[in-house]
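K.L.:
Make a model of the complete structure from these sequences and hints.
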Amino acid sequence: MKVSIEINGTTVSEEVEDRTLLVHFVREQAGLTATNIGCDTTSCGACTVLLDGESVKSCTVLAAQADGHSVTTLEGLHGEDGDLHPVQRAFREEHGLQCGFCTPGMIMASVSLLDHNPKPTRQEVRAGLEGNLCRCTGYHNIVNAVMNASGQEVQR
Amino acid sequence: MIPAQFTYRRVSSVDEALAAVAEHGDDAKLLAGGQSLLPLMKLRFAAPEVVIDIGPLDELRYVRAEGGEIAIGAMSRYHDLHRDPVLAEHAPLLAHVAGEVGDQQVRHRGTIGGSLVHADPAADLPAAVLAVDGVLVARGPDGERRIPAAEFFQGPFETPLAPEELLTEVRIPAQGGAGWGFEKFTRRSIDWAIVGVVVAGSAVSLINMGGTPLRASATEAALADGASAAEAAALAAEGTSPADEAHATAEYRQHLARVLTERALVSAGR
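Protein sequence lines, in the order shown, are assigned to chains B and S. Going by this note's numbering, the first sequence opens with residue 727, and the numbers climb by one from there. Going by this note's numbering, the second sequence opens with residue 394, and the numbers climb by one from there.
These are calculated hints, taken from the structure and not from any lab test. Mixed in with the good hints there might be a few duds.
[Unchecked claim] Derived CB-CB ranges, DEER-like:
#1 727(B) / 451(S): 14 to 24 angstroms
#2 826(B) / 535(S): 52 to 62 angstroms
#3 478(S) / 740(B): 35 to 45 angstroms
#4 779(B) / 569(S): 31 to 41 angstroms
#5 843(B) / 485(S): 13 to 23 angstroms
#6 570(S) / 850(B): 51 to 61 angstroms
Here a beta-carbon is modelled for each residue, glycine too, at the ideal position from N, C-alpha and C.
P.N.:
Structure, rendered in structure tokens:
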């Protein structure tokens with residue numbers, strides 16, 4: 727079927743199999759490879775993107791379901807002048823990553839979390855990111871990054 | 394993992410959905426939020442020939458107070474329910490439970506109708522709807538019928554809905570100020586419950602203590618006779634035969650049911 731999705735402000739229209747997953751459309755049709763495939767079973771959150779502004783696991787959405795909708799990936803977060811998004815900047819400042827594989831998903835989930843709850847507590851950050859797994863950091867600096875991005879105190 | 398081949402079909406109204414299921418019957422599956430169906434299709438546990446996408450049916454995405462009842466459209470997503478002001482006022486238990494399903498990303502897509510029709514005995518919302526004596530409204534070729542939650546869950550992933558029927562709405566009595574509690578034991582926060590308990594006023598229902606969500610009838614009877622929370626909770630596992638498998642033995646699940654029931658009763662003010 728013909729699927730048209732506005733990805734990071736640009737409409738991508740491609741003929742794909744009906745069973746194509748959104749994550750494959752983003753990576754292969756749109757050529758945007760920041761979005762990672764981790765577990766591929768709705769657990770790890772590495773493939774998190776925003777669909778109409780809300781975080782979703784793109785391995786568990788059909789491209790067809792996103793037809794006519796808008797998707798934002800990590801590549802679409804930065805400002806017009808190329809400045810990092812506040813959440814990207816905070817992940818860098820707080821060193822909220824080690825290997826970086828989970829980072830695109832973590833950042834997209836954090837953007838959605840802060841959209842619903844602009845001043846979360848540390849506990850709310852942990853609960854809000856429960857759908858994203860990081861095997862390196864122990865999460866401490868990831869929580870710090872979200873606190874920093876929301877203009878709140880971090881824990882050293 | 395990629396699902397087996399299927400034909401995707403999107404519908405834009407309930408009537409169109411009913412026409413599509415009448416046309417395809419058993420060969421089709423309805424796709425709501427897809428948070429259960431798509432994983433099953435990726436694992437090839439399900440391989441429908443036709444997938445009918447009803448997720449975009451905004452006419453089924455609402456929460457309304459109607460007299461003493463709350464009407465919830467089947468395509469309302471968990472996230473909608475979690476922050477809905479009508480639910481917060483009249484059925485805070487359901488708003489809370491909807492906020493405990495899966496994770497943020499799953500709650501942005503998954504729907505109450507999808508969860509109920511999927512009828513996973515480990516899922517949270519079926520037990521919550523059972524505890525509040527919800528009624529499920531289905532539409533089919535012969536019109537509309539109403540099925541009490543107590544008759545809806547017939548076995549693991551088994552409901553009385555025919556392939557030509559569509560769940561459109563859930564109706565629950567407004568809860569007034571009735572005390573409520575929800576407890577769920579999981580290995581990781583995003584997992585299905587190993588055991589869960591829902592308390593709504595004097596009703597107690599159990600998650601994953603058998604092939605369907607169950608009412609803890611011995612506990613409810615004891616409460617009606619004036620038993621304390623601890624006394625009533627000690628009876629929570631009576632008559633249950635939960636699964637005995639790698640995640641938990643049946644005996645351990647029965648222990649959890651008793652412990653979690655006492656906690657849920659206490660948080661409900663019993």
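K.L.:
All the hints need checking, so say for each whether the structure fits it.
P.N.:
Against the structure, the hints come out as follows:
At roughly 22 angstroms, the beta-carbon separation of residue 727(B) and residue 451(S) lies within the given 14 to 24 angstroms, and the hint holds. Taken as a hint, the range 52 to 62 angstroms holds for the pair residue 826(B) and residue 535(S), whose Cβ atoms sit roughly 57 angstroms apart. Restraint check, residue 478(S) to residue 740(B): a C-beta distance of roughly 41 angstroms satisfies the suggested window 35 to 45 angstroms. The hinted window of 31 to 41 angstroms between residue 779(B) and residue 569(S) holds, with their beta carbons roughly 35 angstroms apart.
The beta-carbon spacing between residue 843(B) and residue 485(S), approximately 18 angstroms, falls within the hinted interval of 13 to 23 angstroms. About 27 angstroms separates the C-beta atoms of residue 570(S) and residue 850(B), a value inconsistent with the hinted range of 51 to 61 angstroms.
Of the numbered hints listed earlier, the single one contradicted by the structure is hint 6.
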